[in-house]
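Now for the letters of each chain:
2 protein chains.
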Amino acid sequence: MLGNFTYENPTRLHFGENSLGFLKEELGHYGETVMVSYGGGSIKRTGLYDQVVAILKAAGKTVVEDGGVMPNPTVEKLYEGCRLAREHNVDLILAVGGGSVCDYAKGVAASTWLDGDPWETYYLNYKDPDPGLRILPVGCILTMVGTGSEMNGGSVITNHSQNLKIGKVFDSRLMPKFTILNPKLTFTVPQYQMVAGFFDIMSHLMEQYFSNEDDNTSDYLNEGLMRSLIHSSRIAVKNPQDYEARSNIMWTATWALNTLVGKGKSQDWMVHMIGQAIGAVTDATHGMTLAAVSIPYYKYIMHSGLHKFVRFAKNVWDINTDGKTDEQAAMEGIDALDAWMDEIGVAKKASDVGVTPDNIEKVADATILGGGFMQLTRDDVVEILKRAL
Amino acid sequence: MLGNFTYENPTRLHFGENSLGFLKEELGHYGETVMVSYGGGSIKRTGLYDQVVAILKAAGKTVVEDGGVMPNPTVEKLYEGCRLAREHNVDLILAVGGGSVCDYAKGVAASTWLDGDPWETYYLNYKDPDPGLRILPVGCILTMVGTGSEMNGGSVITNHSQNLKIGKVFDSRLMPKFTILNPKLTFTVPQYQMVAGFFDIMSHLMEQYFSNEDDNTSDYLNEGLMRSLIHSSRIAVKNPQDYEARSNIMWTATWALNTLVGKGKSQDWMVHMIGQAIGAVTDATHGMTLAAVSIPYYKYIMHSGLHKFVRFAKNVWDINTDGKTDEQAAMEGIDALDAWMDEIGVAKKASDVGVTPDNIEKVADATILGGGFMQLTRDDVVEILKRAL
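Residue numbers (our numbering), protein chains in the order written: chain A, 115 to 503; chain B, 115 to 503.
Chain A extracted, bound-state conformation (with noise of 0.2 Å):
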């Protein structure tokens, strides 16, 4: 059966060509005091930066400028933006960017008035923030697809010395209050770094698909998702100038992660797990850690969830299951994700982000454990952590 939730997503979103049309607009709803967030300067470089900043002073903003965001934001980075922020006393954040810069905004937006460690409070111990605290808007303007991060509120940050990377998902009140999606700002984005964001999506997807065995609306939402996504992810990254194709994916990237299909049934969340693991010890890009372990932590699980494989490989990826057995279903499901991860060229190997035999035990001590069909050990950590090598 469908569980019992609450379903609340008040972003705005702008979609299109033509909608950072819409920034001046939005811009009326907040005071005069406006920080932009962005990242190592490609904004700079395709001249965006150069149109927002136009269109704010156009407004009559103030800019506050926050450069610097790098992709795996850290706690570092996160003091420093709330302090500039209370500095200027600033009115909205803008961040201008992919999921890092809109995470790392969020974070600040909680963090600026807060009376206390944003770390310690938010990301270590999961609290929201006091219903009295004054909380800045978050507007993004995105760049790159995959987190999600523009119609959430998730938050990823990672703290290098305590060799963590810990996702806070807040409530509503930090999901972006405006989003502006313009699918020619992804163009630019390089094509290691594109294809990352596919599977980064890929495995939003199936980290909300694979527990559960119920019969839910939010499982067919998904497959849908997933086939939207299977398709047009095989002409982008023929011809990532195709406008049809990355338009889908990016619609595609922000419904995978914005509660939607995860509502009302169990999740599961261990791919995520290791891979932030992964990405706190070797700074790798996101998606390619949970591509890395992905297809080893499937085989891994299969058998505690054999009929949500076998409907995986059927709904998703079109496979005949007539006259084979449950098991050869399920794997002709996972070997179809397999040959899809080749085609579009993801990591496959945890040794591609840096894991080795050395720094595994390392891995294994910062992944958060839990699971789905399967609630995993530190050693069953470990033990697909060797597999995937």
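To be clear, the hints were calculated from the coordinates, so they are not data collected in a lab.
It is possible that some hints are incorrect.
Which copy is meant is left open, so a pair is good if it fits within one copy or across any two.
Think about it this way: if two alpha-carbon atoms lie no more than 30 Å apart in a straight line, the pair counts; the simulated DSBU-like pairs of lysine-lysine are [unchecked claim]:
(1) Lys241 <-> Lys138
(2) Lys175 <-> Lys158
(3) Lys241 <-> Lys438
(4) Lys476 <-> Lys171
(5) Lys428 <-> Lys377
(6) Lys138 <-> Lys298
(7) Lys352 <-> Lys241
(8) Lys171 <-> Lys138
(9) Lys500 <-> Lys158
(10) Lys298 <-> Lys352
(11) Lys138 <-> Lys476
(12) Lys428 <-> Lys438
(13) Lys500 <-> Lys171
On the provided structure of chain A, position chain B as indicated by the hints.
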């Protein structure tokens, strides 16, 4: 390609058997006077009315009683509701019932403080409320599934003197602020109304699906919802008390018409236009008017969108299309729809919903023309109605 659009849906949904428990918390956001709008009194028989009023009283609210909303809400009832809401200076409209009651509540919410005639302004001329207009907030407690009115801006009102039944889609200001979805509240709906609701859901999905040949995420999501509905409806018609089936259908209905699966693509809606015209003339149950014309309609337009009908056969009904012509495959999809309609037991002839050779012209006059794959003329509508008899 996925076209340009803005997506925004602020409705907060509380789903599950205990969801009425959230009403108290929601009431805290609004002033003292709550107008409770409901239909013919079934909520009094089931005890729901007493439960709701007890929660309202315990929260210190003044209750304004507004019963008697009919299945096809009339413009006269709309005027009456507005008078009542003005007289009592209502702070919140709480719609308790099916889609008709929600539709009506939105009409009242937009019209209570309107300086002008709502029928003319909103329904005949499709205008939106002025930015400065005071719009009353609406909350819904849903007791019947199908229309999707619980999470959209739709409001269908009937004007018998003009023979018109018109659906206005308001912007996000008129979407319910909150909706309570308890599948158990739908258990007492008579079988005829229940299956009419099931077909209404399917029709919403098909109206958005059968248009536009591109391969987009919206259609993949749509196929997921259709598959879920087909699966669960087969269980629910045999055992209406099956919570799993009813809960999934309730959730599917919400997402079938909250704008998501129509984003970025063209849509059709001619089955609704003809069905609403029948409703205006005969006052028949909405879902049954749609069912009565669907098969003749889709056979009529099939050749104008053949590839989409082939895709429908494959992806929705799992029909093996190998070695078949597109015509054969497409027709097998429509035949599968036809067989499912027999299974769940909906109207199959226009004569079942009051259409006769004598009133066909009147229905055609009341039909708002348009279309998706094919733009319909008045003659086309007459021909489809004749074939549906």
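How the hints compare with the structure:
Within a single copy, lysine 241 and lysine 138 get their C-alpha atoms only as close as 34 Å, which misses the 30 Å cut-off; across copies the closest is 24 Å, which meets it. When the C-alpha separation of lysine 175 and lysine 158 is checked against a cutoff of 30 Å, the pair qualifies only within one copy, where the shortest distance is 19 Å, while the shortest distance between copies is 56 Å. Within a single copy, lysine 241 and lysine 438 get their C-alpha atoms no closer than 48 Å, and across copies no closer than 58 Å, so neither meets the 30 Å cut-off. In the homo-oligomer, the alpha carbons of lysine 476 and lysine 171 never lie at most 30 Å apart, since the shortest distance is 48 Å inside one protomer and 59 Å across protomers.
For the homomeric pair lysine 428 and lysine 377, the shortest alpha-carbon distances inside one copy (23 Å) and between copies (27 Å) are both at most 30 Å. Proximity of lysine 138 and lysine 298 under a CA criterion of 30 Å is satisfied intra-copy only: 19 Å inside one chain copy versus 46 Å between copies. Within a single copy, lysine 352 and lysine 241 get their C-alpha atoms no closer than 44 Å, and across copies no closer than 46 Å, so neither meets the 30 Å cut-off. In this homomeric assembly, lysine 171 and lysine 138 come within 30 Å of each other (Cα to Cα) only inside a single copy, at 10 Å, whereas the closest approach across copies is 45 Å.
Proximity of lysine 500 to lysine 158 under the C-alpha cut-off of 30 Å is found in neither arrangement, the shortest distances being 41 Å within a copy and 64 Å between copies. Within a single copy, lysine 298 and lysine 352 get their C-alpha atoms as close as 16 Å, which meets the 30 Å cut-off; across copies the closest is 50 Å, which misses it. Taking CA atoms no more than 30 Å apart as the test, lysine 138 paired with lysine 476 passes in neither setting, with 47 Å inside one copy and 49 Å between copies. For a Cα distance limit of 30 Å, the shortest separation of lysine 428 from lysine 438 qualifies both inside one copy, at 12 Å, and across copies, at 21 Å.
Taking the shortest alpha-carbon separations for lysine 500 and lysine 171, neither the intra-copy value of 54 Å nor the inter-copy value of 63 Å comes in at or below 30 Å.
When each numbered hint is compared with the structure, violations occur for hints 3, 4, 7, 9, 11, 13.
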